[in-house]
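Student: Sequence lines, in order, name chains A and B.
Reminder that position 120 of the first sequence reads as 120 in my numbering, one-by-one numbering, no gaps.
Position in the second sequence counted from 1, then plus 1000, gives you my numbering.
It is worth saying that the hints were derived from the structure and are not from the lab.
Just to be clear, a hint being listed does not mean it is correct.
Said to hold, decoys possible - To list a few chain A residues with every Cβ distance to chain B over 12 angstroms, as calculated:
#, residue
1, D4
2, A15
3, T121
4, T131
As the list claims (entries may be wrong) - List of simulated lysine-lysine pairs, DSS-like, C-alpha gap at most 27 angstroms:
#, chain 1, residue 1, chain 2, residue 2
5, B, K1105, A, K82
6, B, K1123, A, K90
7, B, K1084, A, K82
8, B, K1129, A, K82
9, A, K82, B, K1123
10, A, K82, B, K1093
11, B, K1084, B, K1123
12, A, K25, A, K106
13, B, K1110, A, K90
14, A, K106, B, K1084
15, B, K1110, A, K82
Since we're looking at a predicted model, the values are computed, not measured.
Idealized CB from N, CA, C, for every residue including glycine.
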Amino acid sequence: MTIDATMVGRSYSAAAEPYQVGREKIREFAEAIGDPNPAYRGNDPIAPPTFAFVLSARALDLLLADPDLGLRLDRIVHGAQKFNYVRPIKAGDEVTATATITTVRKAGDVEVIMYETVLSTVDGEHLATSTATVSHNRPSSQNGESA
Amino acid sequence: MTAVEVGAELPSLTVTVRRDTLVRYAGASGDFNPIHYSDRMAVAIGLPGVIAHGMLTMAQAIRVVTDWLDDPADLLEYGVRFTKPVVVPDDDKGATVTFSAKVEKVADGKAEIDITAIADEQKVLGRAKAVVRVS
Chain A
1 MTIDATMVGR SYSAAAEPYQ VGREKIREFA EAIGDPNPAY RGNDPIAPPT FAFVLSARAL
61 DLLLADPDLG LRLDRIVHGA QKFNYVRPIK AGDEVTATAT ITTVRKAGDV EVIMYETVLS
121 TVDGEHLATS TATVSHNRPS SQNGESA
Chain B
1001 MTAVEVGAEL PSLTVTVRRD TLVRYAGASG DFNPIHYSDR MAVAIGLPGV IAHGMLTMAQ
1061 AIRVVTDWLD DPADLLEYGV RFTKPVVVPD DDKGATVTFS AKVEKVADGK AEIDITAIAD
1121 EQKVLGRAKA VVRVS
């Protein structure tokens, strides 16, 4: 159980479980980040930019649960995050997320994994792409050939 | 759309992050990693104590840009590196994070904005950059 460059290209689709974005969820999220912007409230709100990360979570959960990767949540650090937006996410959108591993680098016991999550509506409209870099510090006993 | 010149500084923003802020963010985001509410769990992985969700700091930082834009829908790209954790003590004062931003480039109807995030006199985000649509 380890991770290497052969894992690049592995894809995790949460398409079976689209996320329906609701007006009140957007408001709750805006309140939680302390953002009073009126664009995130009212009858026809858009979501705050980083809400895209919440939408990517179902695909990330599948990646984290892949037994071939053997990742441990308590050993993962979120190193970098980027979003590219096609249009804002709005209340009423039904969003699917597909995460794909794009880079794997190793430095000793630390594995640096970059993955890209494409967010689209169930009708196939591309909304945003999230790119995340995480570091996973694998326990040495679990690592490699001697195990 | 917002008009802009290279070198322009955006109004800065200071936020206070307390333990209840983290509890609320955990609930709204679904990120229930215990290092964001349990000192015991945070210390167990080598942190000084409970830290803020990096995604919360990222969400707060972009307000410097979206508060300044006429319409937050004009945000096209936004990326950060999480360079230092924001440690949130279990008291009424919490942690204070100050965000500032400066326009670095304007071309082809887009502006590149660099964002700085400081907590406890240290940068907590690296290479924090937004690209926005401008007139």
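Student: Each hint: holds or not?
Tutor: A quick look at each hint next to the structure:
1. Taking the minimum C-beta to C-beta distance to chain B, about 24 angstroms, the non-interface status of D4/A holds against the 12 angstroms cut.
2. At roughly 19 angstroms from the closest C-beta of chain B, the C-beta of A15/A stays outside 12 angstroms, upholding its exclusion from the interface.
3. At roughly 16 angstroms, the least C-beta separation between T121/A and chain B is larger than 12 angstroms, which holds for a residue marked as non-interface.
4. The Cβ of T131/A sits about 8 angstroms from the closest Cβ of chain B, inside the 12 angstroms cut-off, so the non-interface label is violated.
5. Only pairs whose Cα atoms come within 27 angstroms are accepted, and K1105/B paired with K82/A is accepted, the gap being roughly 19 angstroms.
6. Taken as a hint, the K1123/B and K90/A pair is broken in the structure, with Cα atoms around 32 angstroms apart against an allowance of 27 angstroms.
7. For the hint linking K1084/B to K82/A, the alpha-carbon distance of about 17 angstroms falls within 27 angstroms, and the restraint holds.
8. For the hint linking K1129/B to K82/A, the alpha-carbon distance of about 9 angstroms falls within 27 angstroms, and the restraint holds.
9. Distance check on the hinted pair: K82/A and K1123/B sit about 18 angstroms apart at the alpha-carbon level, within 27 angstroms; holds.
10. The straight-line distance between the Cα atoms of K82/A and K1093/B is roughly 30 angstroms, outside the 27 angstroms bound, and the hint therefore fails.
11. Distance restraint check for K1084/B and K1123/B: the Cα-Cα separation of roughly 7 angstroms lies within the 27 angstroms cut-off, and the hinted pair is therefore satisfied.
12. Distance restraint check for K25/A and K106/A: the Cα-Cα separation of roughly 38 angstroms exceeds the 27 angstroms cut-off, and the hinted pair is therefore not satisfied.
13. Between K1110/B and K90/A the alpha-carbon distance is near 23 angstroms, which keeps this suggested pair within the 27 angstroms criterion.
14. Taking the CA atoms of K106/A and K1084/B, the gap is about 21 angstroms. The hint holds against a cut of 27 angstroms.
15. Simply put, K1110/B and K82/A have alpha-carbon atoms about 17 angstroms apart, close enough for the 27 angstroms limit, and the pair holds.
The structure shown violates the earlier hints numbered 4, 6, 10, 12.
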